[in-house]
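Protein sequences appear in the order of chains A, B and C. Residue numbering for the first sequence follows numbering that gives the first Met the number 0, starting at 0 and increasing by one per position. Residue numbering for the second sequence follows numbering that gives the first Met the number 0, starting at 0 and increasing by one per position. Residue numbering for the third sequence follows numbering that gives the first Met the number 0, starting at 0 and increasing by one per position.
Please note: incorrect hints may appear among the correct ones.
As the list claims (entries may be wrong) - SDA-like cross-link-like pairs, simulated, lysine to any residue; straight-line CA separation at most 20 Å: (1) A:347 with C:282; (2) A:139 with A:110; (3) B:56 with A:219; (4) A:417 with C:58; (5) B:61 with A:149; (6) B:56 with A:174; (7) B:56 with A:286; (8) A:417 with C:171; (9) A:425 with C:61; (10) B:85 with A:238; (11) A:220 with B:74; (12) A:339 with C:165; (13) A:220 with B:48; (14) A:220 with B:47; (15) A:347 with C:67; (16) A:220 with A:144; (17) A:220 with B:73; (18) A:220 with B:54; (19) B:61 with A:144; (20) A:425 with C:165; (21) A:470 with B:74; (22) A:347 with C:172; (23) B:56 with A:110; (24) A:425 with C:288; (25) A:390 with C:171; (26) A:216 with B:90; (27) B:85 with A:139; (28) A:220 with B:78; (29) B:56 with A:221; (30) B:85 with A:222; (31) B:56 with A:173; (32) B:85 with A:219; (33) B:56 with A:390; (34) A:347 with C:66; (35) A:390 with C:180; (36) A:220 with B:58; (37) A:470 with B:47.
I should point out that these hints are in silico values taken from the structure, not numbers from a laboratory. What you are looking at is a predicted structure, and each value in this text was computed from that prediction instead of being measured.
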Amino acid sequence: MSNKLTLAIAGIAAVLIIILAVVLIVVVGGSGGKSTASAPQGGTPAAAAKPTVGPAASGELRLRGTDPLVLDPALAQDAGSAVYIAEIFSGLVRLDKDLKIQPDLAQSWDVSPDHLTYTFHLNPKATFQDGRPVTTADVKYSWERALNPNTGSVTAENFLGDIVGARDVARGNATEISGLKIIDDLTLSVTIDAPKPYFLYKLMYPTAFIVSQAQIKANPKRWTQQPIGTGPYKLAKWSLGNQLVLTAYDNYYLGAPTLKTITYDLSGGSALVAYQQGDIDVTGVALDDLGTVQDPTNPLHKEFVQAPSQSIDYIGFNTNTPPFDDPKVRQALAMTVDRKKIDQVVLKNSVAVANGILPPGVPGYTPADKTYPYDPQKAKQLLAQSKYANKMPSITLAESGAGASVDNATQAIVQNWKDALGIDVKIQQAEDATFFSDLDAGRYQMFEIGWIMDYPDPEDVLDILFYSTSKQNSTLYNNPQVDAKLLAARTEQDPQKRLAIYQDVEKQIVQDAPWIPLFFGQTNALVKPYVKNYTFPPLIIERFRDVQVNR
Amino acid sequence: MDGLAGYILRRLLFLPVTLLVVSFATFYITRWGPGDPVRVYSGQYNDPEAFARVRHKYGLDKPIIEQYGIYVKDLLLHGDFGESFKYRDRSIPGIIGPKIWVSVRLGLYAFILTFLIGIPAGIFAAVKQGSWLDPLIIGVFLFFQSIPVLVMVPVMVIIFAARLQWLPAGGFHGLFSTTMIIPTIALSLGGIAGVARLARATTLGTLGEDFVRTARAKGLPELTVISRHIARNSVVPVMTTVIGLSLVGLLEGALFTETLLGIPGIGAFVFDSVKGRDYNVILAIVLIVTTAFVLANLVVDLALIVIDPRVRSQRPGA
Amino acid sequence: MSATATTATPGPSTAPPHGESLTRRSLRRLLRKRLAVICIVAIGVFFFVGIFANFVAPESYSHQNLDLSFNGPSLHHPFGTDILGRDVFSRNVYAARTTVIVTAATVLSGFVLLPVTLGMLAGYRRGFADALIMRAGEILASLPGLPMLVLINVTLRPRWDRWMQHIANGIHWDGFINEGFADYFLIFGVLSLFGWVGGARIIRSQVLTLRNSEFITAARASGAGTPRILYQHILPNIMPLIIVSASAALGGIATAEIGLTFLGVGVQPPHPSFGSLISDGASRIVLQHHPEVLLVPAVIVAALIFSFNLLGDALNDVFTSRAA
């Protein structure tokens, strides 16, 4: 190569770098407000150009979705699959949008005076999506199948195990649930092992949904590719990574759905851009886009919806490991997390600061703040009084997830501790497989994780996570007083008294600080104005039947 | 050519050995690691007894060697790749087939674009040797080659999708949709420089050949000389050499491109499967890709053997 | 990926007996190329900044200040601050350190030491060693590199971290882990594992040609032992090949580390790498309102890899084309 040539290449490279920089700054960095303000115009005219065709009722709702992992209700345990299963299948009872128990496949039920036996009366109009009526034999088959170890369900024992004899089926010692009696085609009695007020809630989980015995017998391995359920929507099409279509089942026993078609685009890409271009009608808003949407001058702001979801993020301490076997250390750390500021600056108010353990909407929730207020002074005093005042061992905070960067909120929390208490906490990131295996083995001193409520009852978080011998007690928290109260609440039949016990327990746990409750989850979404009756229930339930799309 | 046939045969016979070693290593590494699919996909539930039952159902409680034996037996006798622990509604070919197909189509586009730009650019640069156009062309593509896909893709998304709204911001809606544009450009930019330089080198060699001189002497127009004689003699060797090599690069570029743009291809999927410890899916992908690599490498080696003496001897001195 | 990257075509098929002077002569010719010198200077500056990151960077890479979240460029923060109020300039300086360490270590181990040892062993000893090394190389080369790297990194890391903790306790040096060296070891280890094949093949074929050449036969006749022949006669002759193939791999190695970190299986936070800086900057909010957070690492990485590639080319030029 000649000298001229080399010089030329170097010159070109320099010019290109500068061009790249300038293009980035001008096109990308240029006035953000103006350009985003014009953004939705790409979508609105397209939508306006298509006036309502046909009857307003028979709309098509277009959403962004992800591939369900499995459509077999007995196996599903992730929210991504549950959203589809909740529409295709149904159970004996349901939750309405206010989280009240309502009849579903069972149109009524009687409870025996000792609160141990439930007699369900099935809805005679209920049919599978192939027209076959739903009978009590189907209920028995579905539950026994879910529990059978050959099905491979991880959750069945948890959700059906309260029925007498169910655990024997789950452990392979029986094939039939002894506490389940078929009285006639439409009447079924179920006996449970203790008078548990939350039993009906557990029947709303997909594991307890009804599946078609005929179909599974005919195609045991791949029946879920075209499942025949009992819910308001049929799976019309599912091409992996591309599209999933649900169509209304018009003979649905609770009345034909108003919304006829739900189309999920599974192919990925930025949902906000697709929404702005009018390709989808509803979208969740990612943290990155929240700033744009929250800006009141942005036209998108009018379509922005925030709704609580029943989940909580927290930091858990291993209460058996130094230095967290001393409650004072835990309390000091709890007092020095500036959650409000982190929510504002780092999380853009996408979540709500937790005021306790029970998320809003769960019975027993109170608006009063039960957590430790941010108070570095008091925290320092507490730390000075603790066992580890002079010899603080090294501390590592484990976080699930594998990204190139640690969650920004976690980094901010660690900085809080450093600033306020001078404690250097290391962050260890582990992808899910490693995280759970180390968490279960009790290898973490301290971990950040979340809990999503499965049913709206305080038992689902307070008892499951804090009862000393619970399998899910990752903090190894052990307080005999709390245990006694939890035990009493399990079978307390007076709802008011029961909730009072749980509120008491919640206060005690927050004081003892095996957790630092951080944030309650929230749904952040955009809904087009022509979509009516679209709701964001805090738990995953069937919810599309009466949605109207007047595009 | 007898020696060549023997060489091909030997390479092909070695393929099963490669697959056996690779499959065992992958099998062992995945199952050796902390965590397992049963635990990962149960998320916030922790019920060790239930986990043990499910593990038993899938034979995950057996020694790894025994599990491997069962796997090989099922694969060879029944063509059964096992079941995915994540997507349990479909067979493994049913899960990865469509994803491979997406990536293949994407790769095909990138290939075509690479050659469509690279070869003419290389020939043009060679013909213009000595002028400022030669280093400009090669320099520009070399520069683009130096920008990682990781940087290229987000920048393009912001400019063309979010700001200008010309293109969709990701996803995949078939071969003839605009969703193909950003990933195709991102995937091909890295390869264009290589193709262009190879085409330039080959062309420079061809330029001195007798038939080109003859054609010129005959007074044929320059464009005809280039398209008829030079191009034909440059394109073929460049194509064969680069195709195999690019296959490797494409799969790796695809991992980032697909992850960033949310394209449901095999590149993004393999990463998800590793994170979720979806043993059988990881293994199936590794086996398929390894086979493809071995065959592609064989083709490249053969191409090099056939072309090499010519290409090498004609390589320009400077 | 570096591991399977195309290495430069094997150069001299018949090496002149005085290789030492060839290497030196070629390097002198390299310094006459202005572009190559520019690249060397650019890479030199980058390495200097990386090695002396502690002195160059005005702040620590992890020092946060939430009150300064996304402050634009200023006198204190020439490239502004990120969402947590950390100095973008300092973070890039420390990211350069990561790249320097990983690139240098990987080139030395995976593209010089391993291929030279294995290539010479295979080419000179022939027989079983040759077959074993070449077959193993063939299998490694036919693996999909990046997915395998991810797989190994994911499954090995927890154990690796525990072993490294033992070592750190043993040598009483906390910085071993706190400064991220455990990560660096893992990354350059796996990159080397997949990287040596191409170089070893080229070196082996060269050694095969050399071992029957007259001057080796002469040396052997005069009673020189194998190590002496390898070290004194063969090594100088394959030096150009080593330099060419190792320099060609530099860009690939740097890209590989950045890619692995971007995917979350490389250098672990809080230690910055260009992979995590790009990942931070590539999120929509940052890119839309604070492009400098992506722009800085993007330009540095593009310029660095451009320099690596051009230098590799130049070296290939001066070594493979002899005074024609």
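Hints and how they fare:
1. A:347 with C:282: 14 Å, holds
2. A:139 with A:110: Holds: residue 139 of chain A and residue 110 of chain A sit about 19 Å apart, inside 20 Å.
3. B:56 with A:219: Holds, at roughly 16 Å.
4. A:417 with C:58: 16 Å, holds
5. B:61 with A:149: 17 Å, holds
6. B:56 with A:174: 16 Å, holds
7. B:56 with A:286: Distance of about 40 Å is beyond 20 Å: violated.
8. A:417 with C:171: 24 Å, violated
9. A:425 with C:61: Answer holds: residue 425 of chain A to residue 61 of chain C is near 12 Å, not above 20 Å.
10. B:85 with A:238: 16 Å, holds
11. A:220 with B:74: With Cα atoms ~18 Å apart, residue 220 of chain A and residue 74 of chain B stay inside 20 Å; holds.
12. A:339 with C:165: 39 Å, violated
13. A:220 with B:48: 24 Å, violated
14. A:220 with B:47: 26 Å, violated
15. A:347 with C:67: 15 Å, holds
16. A:220 with A:144: Holds, at about 14 Å.
17. A:220 with B:73: Holds, at about 17 Å.
18. A:220 with B:54: Holds, at roughly 18 Å.
19. B:61 with A:144: Judged against 20 Å, a Cα distance of about 25 Å means the pair is violated.
20. A:425 with C:165: 17 Å, holds
21. A:470 with B:74: 38 Å, violated
22. A:347 with C:172: Between residue 347 of chain A and residue 172 of chain C the Cα gap is close to 40 Å, so the pair fails against 20 Å, i.e. violated.
23. B:56 with A:110: This hinted pair is violated, its Cα atoms lying about 37 Å apart.
24. A:425 with C:288: Given that 20 Å is the threshold and the Cα spacing comes to 30 Å, the pair is violated.
25. A:390 with C:171: 18 Å, holds
26. A:216 with B:90: Holds - the C-alpha atoms of residue 90 of chain B and residue 216 of chain A are around 18 Å apart, at most 20 Å.
27. B:85 with A:139: 27 Å, violated
28. A:220 with B:78: Given that 20 Å is the threshold and the Cα spacing comes to 17 Å, the pair holds.
29. B:56 with A:221: 18 Å, holds
30. B:85 with A:222: Distance of about 16 Å is within 20 Å: holds.
31. B:56 with A:173: Distance of about 17 Å is within 20 Å: holds.
32. B:85 with A:219: 18 Å, holds
33. B:56 with A:390: 49 Å, violated
34. A:347 with C:66: 14 Å, holds
35. A:390 with C:180: 26 Å, violated
36. A:220 with B:58: 17 Å, holds
37. A:470 with B:47: Distance of about 8 Å is within 20 Å: holds.
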